[in-house]
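Listed in order, the protein sequences are those of chains A and B.
For what it's worth, the numbering used here labels the leading residue of the first sequence as 862, then goes sequentially.
For what it's worth, the numbering used here labels the leading residue of the second sequence as 179, then goes sequentially.
Mixed in with the good hints there might be a few duds.
[Stated by the list, open to error] List time: in silico DMTMM-like cross-link candidates among lysine to aspartate or glutamate, alpha-carbon distance up to 20 Å:
#, chain 1, residue 1, chain 2, residue 2
1, B, K520, A, D952
2, B, K588, B, E505
3, B, K519, A, D952
4, B, K588, A, D953
5, B, K588, A, D1093
6, B, K588, A, D995
7, B, K454, B, E432
8, B, K519, A, E994
9, B, K337, B, E420
10, B, K520, A, E878
11, B, K520, A, E954
12, B, K236, B, E296
13, B, K473, B, E232
14, B, K520, A, D933
15, B, K519, A, D933
16, B, K236, B, D314
17, B, K199, B, E505
18, B, K248, B, E423
[Unchecked claim] Label-pair ranges, simulated between beta-carbon atoms:
#, chain 1, residue 1, chain 2, residue 2, range
19, A, Y941, B, R186, 18 to 28 Å
20, A, T936, B, E505, 25 to 35 Å
21, B, V479, A, S1018, 42 to 52 Å
22, A, R1098, B, E602, 25 to 35 Å
[To be verified] Covered by chain A, according to a simulated footprint, are these stretches of chain B (three or more residues, beta-carbon under 8 Å):
#, stretch
23, 193–206
24, 511–518
Hints in this document: simulated from the structure, not taken from any laboratory.
In this text, a Cβ means the ideal position worked out from N, Cα and C, and glycines have one as well.
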Amino acid sequence: MSKTDGAFVQAETGLHEVVRLEDVTKVYVMGTNEVHALAGVNLAIHQGSFWAIMGSSGSGKSTMLNLLGCLDRPTSGRYYLEGHDVSRLSDDELSEFRLKHLGFIFQSFNLIAQLTVRENIELPLFYLGWDPEDSKQRAAELAEMVGLGERLNHRPSELSGGQQQRVAIARALANDPSILLADEPTGNLDSVTSEQIMDLLGQLHDQGKTIIMVTHEPDIATYAPNCVHMRDGLIDRITENGRTLEGVR
Amino acid sequence: MKKSRIWRSVLLGINTLMLHKLRSMLTMLGVVFGVASVIAMLAVGEGASKDALEQIRKLGSNNIILSSQKPVEEESGGSMRSPFSVSMYGLTYDDETRAMETFSRIRTTAPAKIVRKEGRLGTRTLDLRLVGTTADWFRLVKREMIAGRTLLPSDVDQKAAVVVLTEYGARRLLATRQAVGQSLRLGGEYFQVIGIVRSEGGEGSSVQTPDQQVDAYLPITVARERYGDVVSIRTSGSFIRERVELHQLIVEVENTDHVETVAAGLEQMLKTFHPKGDYRISVPLALLKQAEATKRTFNIVLGSIAGISLLVGGIGIMNIMLASVTERTREIGVRRAIGAKKRQIITQFLIETMVLSTLGGMIGIAIGVAIPALITYFADMATVVTSYSLLLSVGISMSVGLIFGLYPAKRAADLDPIIALRHE
C-alpha cells in the first residue's frame, strides 16, 4: 500500500484547527509482516465541529482514534494538537496532553467500580491536582448537567447502562477538554438510550465542544454533521456538512 | 496540595482493599505472622539472655575469679577416711602473693576466706557463714551499701574487730539499720557491726557469685588469726575437717585487653603449684563473650526464621497484587487514558501494597507484643519486648510492601493503555 498525496481536507472556516494530521502512517510489525493500519492520512478538524469516523473493522478507524487520543504515536507523519506537534512526545508528555486536552468516552463506559459517581467524575481533577473542595463542586455541577445530580454517591454497579455512560461523559468533560473522543459510545446501549446519549453529545456540540466519535452504525453517525469514511488505512471519503468529497485518497 | 494527594491515594487504596475484605485479610496474614514471630522470638530471646548477661556483667569484666575446689579423688574417698584427718586443698596465701608478684598487669587481688561461727546479735543466736576479706572486695564485686560503711584497708591492717553484715545475714539475725554500731558476738569475741551491704540474689543465674548466702564480712587478717585455716563441717554424724587457706581470690586486671593473657598465665601458674587440680578459674569476660556469642547465634537463627516467614508473606502479597493488576487492567487503562502518568500508576499500586503490609505489620505487632506477655503470664518466663524490635518490624513490613509491591506496580504501569482498555 503506497502513501497517497491526498489534499488537506478543510472543515468550516473561521475557527482554529484543533487537530491537524499530516501524512500520518501507523505500521504494526507482526512477526515478519508489516501491517499498515494507517497508510498516510491527512485531516484537519476545527474547533467546535462534530465528526464521526466510520469504517469496517480493520479499516484503521480505531488506530486513528488511538492516535488522535494521544494513546499512540504515529510511525511517520505529524500530528498537531492545539498547535503542538505531539507525534514525537514521550509517554509522560502524552499523558500530560491527554490530561489537559482530551476527554474519553468508551463503548463499555469504563467507570471505576470501587469509586462513587462523584469520585469517578473527579478522577481527571485528581490527576490535575485540583483542590478536593473545588473538584467536589465541579463533579456535582457536571453530574447535574448530565442529569445525575441525585446519584453522586452511588456506585457504577447501581446505575443503568445509559446512566453509566452519562457519568462517563461527565468524567470526560471534567478537565474541559479541547476534544471529546468517543469510541462507539452507544455500542452497549439499546436504541432508546442510544438516542438519549447522542442527544446529549449533540447538546455538547451545540455548546461548542469539539467531538470526534468512532462508530460503525450509520444511524449514529448521522448525528455528526461531518464524517470520515475509512478504508484500508486511508480516508476513503469525507462528508462535510452534507457535501461529500470523494476520492480524497 | 501534594501531601493531600498522597493522603487521598492512601484513602483510595484502603477503599479498594475494603472492596475485597477477606482477600485483603488473607493477603496480610503472611506479614502479620512474620512480624508477630519476629517480635515474639526476639522478646523471648532477649528475656532469656538478659538476666544471664546482667549477672556476668556484675562480676566485673576486668576480673578473674579463682575458687578453691575439693579435688575429685578426695571427695570420693572422704567417708572412708579417719574422722579426724584433715583434707587440705585449695588456694593458698602464697598463690595470692605469687600472682601479685608475677603479673604486672594485675592491679589488685581480693581474697575470700570462708569461716563458720556461731554468732549472736541481741538475743538471737545462729550459725553464721562469714567471709574474711579485704577492702577491695566490695569494689570488685560491686556490692551496694545499705547502711554504715564497708571494710577499710586500715581495718585489715590493724586487725579491727569489725563486721559488715549482708542484707541476707541481717535478715537472718533480725537486724535492722539500727544494728550498725551494735556488737555481734562471734564465738567468744565481740565485733562491732559497721555496715550492711546488699546481698546478691543470683537465683537461677548461670554464674555463681563467689559470696552467695554469706551472713557477714570481716577483715581477713582477723579471720586468719582468730579462726585459723581449719574448718570443721558436721555432716550426717561425722566431722569433716578441711584446711583451706583461701576459698576465693578475685584478681583485678588493669584493663579488659589483658584479661585473657593474665587468665592464661594464672592458669599455667596454678597448674604448676596445684597438681591436684583443686582450683577453678572463671573469667567473667570470657563468659560474657560466650553468652553474647550465644545470644547472637540465637538471634541469627530466630531472625532467619522470621525473615523466611516475612519473605513468604511478601511473596503472598506480590502474588495477590499481580492478580489484582490483571483483574484491574481495564481500570489501569482508563486511568492512563485520562492522563495518569506511569509514575502515578506505580504510586497507586505501591500505596496499596504498603497499606496492606503496614496494616499487617501493625496487627503483627499487636500479636507479637501479646504473645510474650502470655508466655510470661503462663510459663513464667522472662520476656523483654525491645523498642528496637518494634521499629525493626515496622521497617521490615513497610519494606516488604515496597519491595514486593514494586514489581506488580511496574507491571501495571507498563501496560499499554490501548491494550489495557481493550482487556476483557
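- request: Hints the structure violates: just list their numbers, smallest first.
  value: 5, 6, 7, 8, 9, 10, 12 and 19
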